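The hints should help you fit chain B onto chain A, whose structure is shown.
Protein chains: 2
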Amino acid sequence: MELLSKIATNDGHGENSAFFDGWKAYDSDPYHPTNNPNGVIQMGLAENQLSFDLVQEWVKKNPKASICTSDGSNGFKDIAIFQDYHGLPEFRNAVARFMEKVRGNRVRFDPARIVMSGGATGAQETLAFCLADPGDALLVPAPYYPGNDRDLTWRTGIQLLPVICHSSNDFKITRQALETAYKKAQDSNIKVKGLLLNNPSNPLGTVLDRDTLTESLKFTNDKKIHLICDEIYSATVFARPNFISIAEILQENADCDRDLIHIVYSLSKDLGFPGFRVGIIYSYNDSVVNCARKMSSFGLVSTQTQHLIASMLSDDVFVDRFLSESAKRLGQRHKILSRGLSQVGIGSLKSNAGLYCWMDLRRLLKGPTFESEIELWRMIINDVKINVSPGASFHCSEPGWFRVCFANMDDETVMVALNRIHKFVIQTKGSSSDGINRKQYGRSKLEISLSFRRLDEIMMAPHKMSPHSPMSSPLVRART
Amino acid sequence: MELLSKIATNDGHGENSAFFDGWKAYDSDPYHPTNNPNGVIQMGLAENQLSFDLVQEWVKKNPKASICTSDGSNGFKDIAIFQDYHGLPEFRNAVARFMEKVRGNRVRFDPARIVMSGGATGAQETLAFCLADPGDALLVPAPYYPGNDRDLTWRTGIQLLPVICHSSNDFKITRQALETAYKKAQDSNIKVKGLLLNNPSNPLGTVLDRDTLTESLKFTNDKKIHLICDEIYSATVFARPNFISIAEILQENADCDRDLIHIVYSLSKDLGFPGFRVGIIYSYNDSVVNCARKMSSFGLVSTQTQHLIASMLSDDVFVDRFLSESAKRLGQRHKILSRGLSQVGIGSLKSNAGLYCWMDLRRLLKGPTFESEIELWRMIINDVKINVSPGASFHCSEPGWFRVCFANMDDETVMVALNRIHKFVIQTKGSSSDGINRKQYGRSKLEISLSFRRLDEIMMAPHKMSPHSPMSSPLVRART
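Protein chains in written order, with UniProt numbering: chain A, 1 to 480; chain B, 1 to 480.
If you are wondering where the hints come from, they were derived from the structure by calculation, not from laboratory data. One should not assume that every hint holds.
Listed next, the in silico DSSO-like pairs over lysine-lysine satisfying Cα-Cα at most 30 Å (straight line) [as the list claims (entries may be wrong)]: (1) B:Lys223 x A:Lys77; (2) A:Lys6 x B:Lys335; (3) B:Lys60 x A:Lys61; (4) B:Lys77 x A:Lys328; (5) B:Lys6 x A:Lys223; (6) A:Lys64 x B:Lys60; (7) A:Lys6 x B:Lys223; (8) A:Lys6 x A:Lys24.
Remember, it's a predicted structure, so these values are computed and weren't measured experimentally.
So here's chain A without its partners, still in its complex pose (with noise of 0.2 Å):
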């Protein structure tokens, strides 16, 4: 008799991927500007760090928003007992209010619909406890979020079958797209449950725009099958065009299933609160409520977080403050990066959200393969010291594409990162003759066949390790 079960022994939480690769590379070696200076850069890390010196301006001024300061301490008690999976009604009703301030007010959320989980990463699996039993899918447009594998189908049995999206139209979900990724899974007998979208997208960066939304509501309308959409990045749009969420396209068809949309929210990205565990399914079918609730005994919010959260997001003033100046920083750090990395021949996919650009390095790769993709990444983390995530982590189909995250670090990291990426490619531009039998290829005028173990050397001071810090052990994040 197997002493496991079998979720236990297969290999479906998805950690031996380069995308968690990078994380234990970085770990081991962590960047530090004194400690650790020629250490690995993380750039492999969706975190939003920009705007912390509001949140900790806000929490300092208002101390009855802890049950842990003098004037809160009397609410400690009812605070501690509460396990209502409703959640606190206060909690419920200022998350509703906050989305729909992140919506331009152009939607209304009612709280009654509002469902804890722990983090997106709890609410996905929710919703797939829900919605599909095992071997059922759900298509989802590719490249996406790699933890999806692990969220959505490691414990349920269900699986995700890729919708194939395309660099040449800037990897737009068509209806075209979605079609096909549909019929093979019939031709293969296989249950579709449902489609899941990102908007903004993650790693692309991009919001889908109107005709996209709808084709999708349209299309999973046709189809009797879900339309699940994850807008954990809705607050981190920096640029026009303007987020819309399902939630307006809804409104606009006012003749479609609701019983079929569903959005998972968290406040991990917008708020940059992902160790606070606040996960968010919004459903509108009354029984995926019901369920999603029950379910939430799994996965419920802290209600000492529920507090403080509930707190901060009734303060109309902090909110709007922190919206517009987290989405103004976004910008200039996004800036930043690309330019920087355009200043020599980097591109990226255009963008307006997210924490990451979506790096075009195809044109260093040996040969349009992923084995030329993971080849180069592992040269990028061994010899550059920065972590980023290859596209072959992201269920991207053309080899090449990089993620790269831009908000967990500070100015002078970036300008290090920026730095050590100029110097290479000047590196490169002085000594094409590196050994390296590197075929080009692609649109790119740029010639970068160097030796990146020669750049390694000119950059690399002797290495002063800094002590394993389990505050960023690679393996860990729930979400990014």
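Then chain B, alone, in the frame of chain A:
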């Protein structure tokens, strides 16, 4: 095509039982000393509310324990972005140390084996996912906590098979009972993957003795199946005999297979913080630790809460005082309730732990059936207006037992509850001809053939309903 999953449309969440119905009854008419003095008193909720003054005092003295005070807010960012599934090192250390203290420092716990989960609810489910495949079974001595069915079976597809225990030997778990349950499963071609013990027991309020624990360990080792020990009530032991953890037994039996041993823990009962959702899996099996840790992404403890708990449990003076004072107060409360019941001839199982008594009302049943039990329960809740939990919801094999919780209310409310019971018994003695043909049986000398309805008419003033309070919504307790 079915719109939702089988899990969503079955009744596996188990909320359709009398256990939860009682909460609904309470919720629609909750007792309040002044606003609704004739409302239902909630004695169906295993909450530990007796020592919150100590916690509140500590919180005020330790402003740095919170990231939401002026003293602590410098740590806000680091805590808010921390999402390592290993947990804050100081949190794991403090929890391991606390678990040792609760076990009289007779065992050591390795912080590296502390795995977080969303309460004991999440811990149980995670272990089920790790240890068993759909269709496999765990043996569970009955009576057992009703939530186990939801926690362990709903989404995992495994099943729980009761080990039948009897009042004749105080519901002791015997080797014979274990073998009988095991054989019955084998005869049905069901694969048994483990035994789940609850020590101290909910609902019995008793601790497992050394012989029972040793015998259970031998049984599971002989069969090469897992032994899961749910020790979430370990610090509620208020009288001799002392609590013995499976960790101690393991120490005494060095030859047994440690890979089969797993402990479930939580701070919901021992500290009284169910809202904080701190569940712990402590496994002696490395693979289970690793797998459970990956699964903990679905229900991590909020870092805000980890930070607070780490500070609080690292304070040895506070912890020692809390543990001794909490046990003392629980013992006093238990004495008040059990004596009050025995004064009117109502017996209960001799117990020394937990937040409840296991009350023996067999002699009040019309007959020795579960129909009679539920009938009596309805009368108690509708007429005496006390919500207790019937034995059937705990899978008890003998009708007539009820769990009465005593630590989720203040002294005055206990007295009101006891007064209602006293009045009911006095009323009984004076009106034995009530038109109800209630057959008396069992060992009781007391004549209790009364009209609950008439009692109700005497006691009840016109209701003044308190507004629906979501703070006490009935369906929703993650764990009681």
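Results for each hint:
With a CA separation close to 45 Å, the supplied pair B:Lys223 and A:Lys77 exceeds the 30 Å bound. For the suggested pair A:Lys6 and B:Lys335, the alpha carbons sit about 48 Å apart, so the restraint of at most 30 Å is broken. The hinted pair formed by B:Lys60 and A:Lys61 meets the criterion: a straight-line CA distance of about 18 Å does not exceed 30 Å. A hinted pair counts as satisfied when its Cα atoms are at most 30 Å apart, and B:Lys77 with A:Lys328 qualifies at roughly 19 Å.
A threshold of 30 Å between alpha carbons decides the hint, and for B:Lys6 with A:Lys223 the separation of about 20 Å falls inside it, so the pair holds. Among the hinted pairs, A:Lys64 with B:Lys60 is consistent with the structure: their alpha-carbon atoms are about 13 Å apart, no more than 30 Å. Using a Cα cut-off of 30 Å, the hinted pair A:Lys6 and B:Lys223 holds, with the two alpha carbons roughly 20 Å apart. Between the alpha carbons of A:Lys6 and A:Lys24 the distance comes to roughly 26 Å, so the proposed pair stays at or under 30 Å and holds.
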